[in-house]
Amino acid sequence: MTAALSISNLHKQYDNGFEALKGISLDVQPGDFFAVLGPNGAGKSTTIGVICSLVKKTSGQVSVFGTDIDENFSLAKQNIGVVPQEFNFNQFEKVFDIVKTQAGYYGLPAKLAAQRTEKYLRQLGLWDKREQRSRTLSGGMKRRLMIARALVHEPRLLILDEPTAGVDIELRRSMWQFLKEINARGTTIILTTHYLEEAESLCRNVAIIDRGHIIQNTSVKELLRQLNKEVFIMDTREVLKEFPAIEGYPGQLIDDHSFEVAVEKHQSLNELFASLSERGIHVLSMRNKANRLEELFVSLVEPHSENGEEMQV
Amino acid sequence: MNAQQQWVAFCTIVVKEIRRFMRIWQQTLLPPAITIALYFVIFGRLIGPRIGEMSGFSYIEFVVPGLIMMSVITNSYANVVSSFFGTKFQRSIEELLVSPVPNYVILVGYIIGGVARGLAVGVIVTLLSLFFTHLQVSHMGVTVAIVFLTAVLFSLAGFINAVYASSFDDISIIPTFVLTPLTYLGGVFYSISMLPAFWQGVSQANPVLYMVNAFRYGLLGVSDIDVVWAFVIVIAFCVALFVYSLYLLERGKKLRS
Numbered sequence: 001m002t003a004a005l006s007i008s009n010l011h012k013q014y015d016n017g018f019e020a021l022k023g024i025s026l027d028v029q030p031g032d033f034f035a036v037l038g039p040n041g042a043g044k045s046t047t048i049g050v051i052c053s054l055v056k057k058t059s060g061q062v063s064v065f066g067t068d069i070d071e072n073f074s075l076a077k078q079n080i081g082v083v084p085q086e087f088n089f090n091q092f093e094k095v096f097d098i099v100k101t102q103a104g105y106y107g108l109p110a111k112l113a114a115q116r117t118e119k120y121l122r123q124l125g126l127w128d129k130r131e132q133r134s135r136t137l138s139g140g141m142k143r144r145l146m147i148a149r150a151l152v153h154e155p156r157l158l159i160l161d162e163p164t165a166g167v168d169i170e171l172r173r174s175m176w177q178f179l180k181e182i183n184a185r186g187t188t189i190i191l192t193t194h195y196l197e198e199a200e201s202l203c204r205n206v207a208i209i210d211r212g213h214i215i216q217n218t219s220v221k222e223l224l225r226q227l228n229k230e231v232f233i234m235d236t237r238e239v240l241k242e243f244p245a246i247e248g249y250p251g252q253l254i255d256d257h258s259f260e261v262a263v264e265k266h267q268s269l270n271e272l273f274a275s276l277s278e279r280g281i282h283v284l285s286m287r288n289k290a291n292r293l294e295e296l297f298v299s300l301v302e303p304h305s306e307n308g309e310e311m312q313v
Numbered sequence: 001m002n003a004q005q006q007w008v009a010f011c012t013i014v015v016k017e018i019r020r021f022m023r024i025w026q027q028t029l030l031p032p033a034i035t036i037a038l039y040f041v042i043f044g045r046l047i048g049p050r051i052g053e054m055s056g057f058s059y060i061e062f063v064v065p066g067l068i069m070m071s072v073i074t075n076s077y078a079n080v081v082s083s084f085f086g087t088k089f090q091r092s093i094e095e096l097l098v099s100p101v102p103n104y105v106i107l108v109g110y111i112i113g114g115v116a117r118g119l120a121v122g123v124i125v126t127l128l129s130l131f132f133t134h135l136q137v138s139h140m141g142v143t144v145a146i147v148f149l150t151a152v153l154f155s156l157a158g159f160i161n162a163v164y165a166s167s168f169d170d171i172s173i174i175p176t177f178v179l180t181p182l183t184y185l186g187g188v189f190y191s192i193s194m195l196p197a198f199w200q201g202v203s204q205a206n207p208v209l210y211m212v213n214a215f216r217y218g219l220l221g222v223s224d225i226d227v228v229w230a231f232v233i234v235i236a237f238c239v240a241l242f243v244y245s246l247y248l249l250e251r252g253k254k255l256r257s
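Sequence lines, in order, name chains E and A.
In terms of our numbering, the first sequence has 196 at position 196, counting the first letter as 1, and numbering is strictly consecutive.
In terms of our numbering, the second sequence has 155 at position 155, counting the first letter as 1, and numbering is strictly consecutive.
Hints may be right or wrong, so weigh each one.
In silico DMTMM-like cross-links for lysine to aspartate or glutamate, where the CA-CA straight-line distance does not exceed 25 angstroms [unchecked claim]:
(1) Lys-254(A) - Asp-255(E)
(2) Lys-129(E) - Glu-170(E)
(3) Lys-221(E) - Asp-255(E)
(4) Lys-241(E) - Glu-222(E)
(5) Lys-253(A) - Asp-15(E)
(6) Lys-56(E) - Asp-226(A)
Hints are computed from structural coordinates only; laboratory data are not their basis.
These numbers come from a predicted model, not from an experiment.
Start from the sequences and build out the full structure, keeping to the hints where you can.
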């Protein structure tokens, strides 16, 4: 099957000498929901920039649904929709005009462009705002406007660069639902994100980029299997005076009704619950202390950080 | 993109450009009309009668073609430089760069947008001039061709300025220090036959002189220079600037990192 996106040995060195990409290779299959993770400056946005022609590659190959961008970038671009990280539309244009104009850039005749504009503005809850200047929209509406604009030519590959950055939880959830729906309808989606929960909830496969290299390229499930230890927080019915010491399960008391406990991959939660029952402790609820993918991400990326530089995830 | 899709994309860019300058008509169409009306009042009614005839015409008749051309030059240039730099500044140029629109379609779209504003202002100024003088057209073909080519040329120049510009200061330097002196010294207000031989020679190195005089020839039938040369020079400039603009787009100069 022809890959939706195929990147081979991609290098990018900027004019100032900074080498952002050091030979990355990546395949994304049609219909996939693919996450690209990495700390700031890892090369995620540069990779997206190369795919959609905003960044000139130094060497390497990129093809979109089998079309090499060096041979027919115009055809490759027909298949791509891009939602950038920062707002990049004319702040003085009306919402409707922004989306319809983008449809025109892809050669859609005026009538079809207007129909598609209405369709996607309605789907993204912006139809009522169609006559407003884009600068008057809230941050979340502006993000949805960029998604509508990216979808108006109905691309087979949708690339989103941190689409939910700065978006409130309710809106983020509704955007996730929308992205799941268009993915279910057959659109291949690639997203970069700082929210590991987002990648875990939405994506089937994931690549982690760090300092211009891909250090992991696998399924989200496989990645989570690499997690050796998980820390759970348990809330109890009984009042606790101290951490209920159980051999092989280290932990600590949080307050008089909850404690945290580490469970290694080979250990059984049943054994843990049995030991707690023997001590007369009833667990009312339990949850992960941190996002599992986030723990793994930090463990993968941290060893590469230079000079103790803080990583943002 | 096939030819039909490219045509749609081209029309989209042109419509967007026209919509932009029509939306802000108070900044794009009104000021040049007021400025040129003041020129008509001062040079036509107040000072003009004291100057007397020039090249066989009253002074107001003589300066009207130059003033129309001056407004076409400044507005076609200003439209493209401000619009294209604005899209760079707001990063909305990325909408076009990620799309499959060929570079020559982008370029021609912006140029026609600049020509549209240049000609719109030209028509407004021409209509205003009718309040101050009788306007004749001696050579319609020359008049239309030279005004169109001049608008194309200065739209291209504005485009190149916008590509290189990194700040709003950069888009005002060329109009202030290059365009305005060339226009004022380009035979708008006087015939170069009034100048000493040396300065006549210097003036002939000014491309604006050829455009203004060719336009004056189209309207009044008189010119300080050979009109054929004017067309050769303007077309040569248009071709050279078009090729260079396209080269800048292909290279992604200050557009793609």
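Checked hints:
A distance of roughly 58 angstroms separates the Cα atoms of Lys-254(A) and Asp-255(E); the hinted pair therefore is violated under the 25 angstroms criterion. Between Lys-129(E) and Glu-170(E) the CA atoms are separated by roughly 19 angstroms; this keeps the pair inside 25 angstroms, and the hint holds. Of the supplied pair hints, the one linking Lys-221(E) and Asp-255(E) is violated, its CA atoms being roughly 33 angstroms apart against a limit of 25 angstroms. Note on Lys-241(E) and Glu-222(E): the hinted pairing is violated, with a Cα-Cα distance of about 39 angstroms set against a maximum of 25 angstroms.
Distance hint between Lys-253(A) and Asp-15(E) is fulfilled; the C-alpha atoms sit about 12 angstroms from each other, no more than 25 angstroms. For a cut-off of 25 angstroms, the pair hint linking Lys-56(E) to Asp-226(A) is broken: about 47 angstroms separates their Cα positions.
In terms of the numbered hints stated before, the structure departs from hints 1, 3, 4, 6, listed from lowest to highest.
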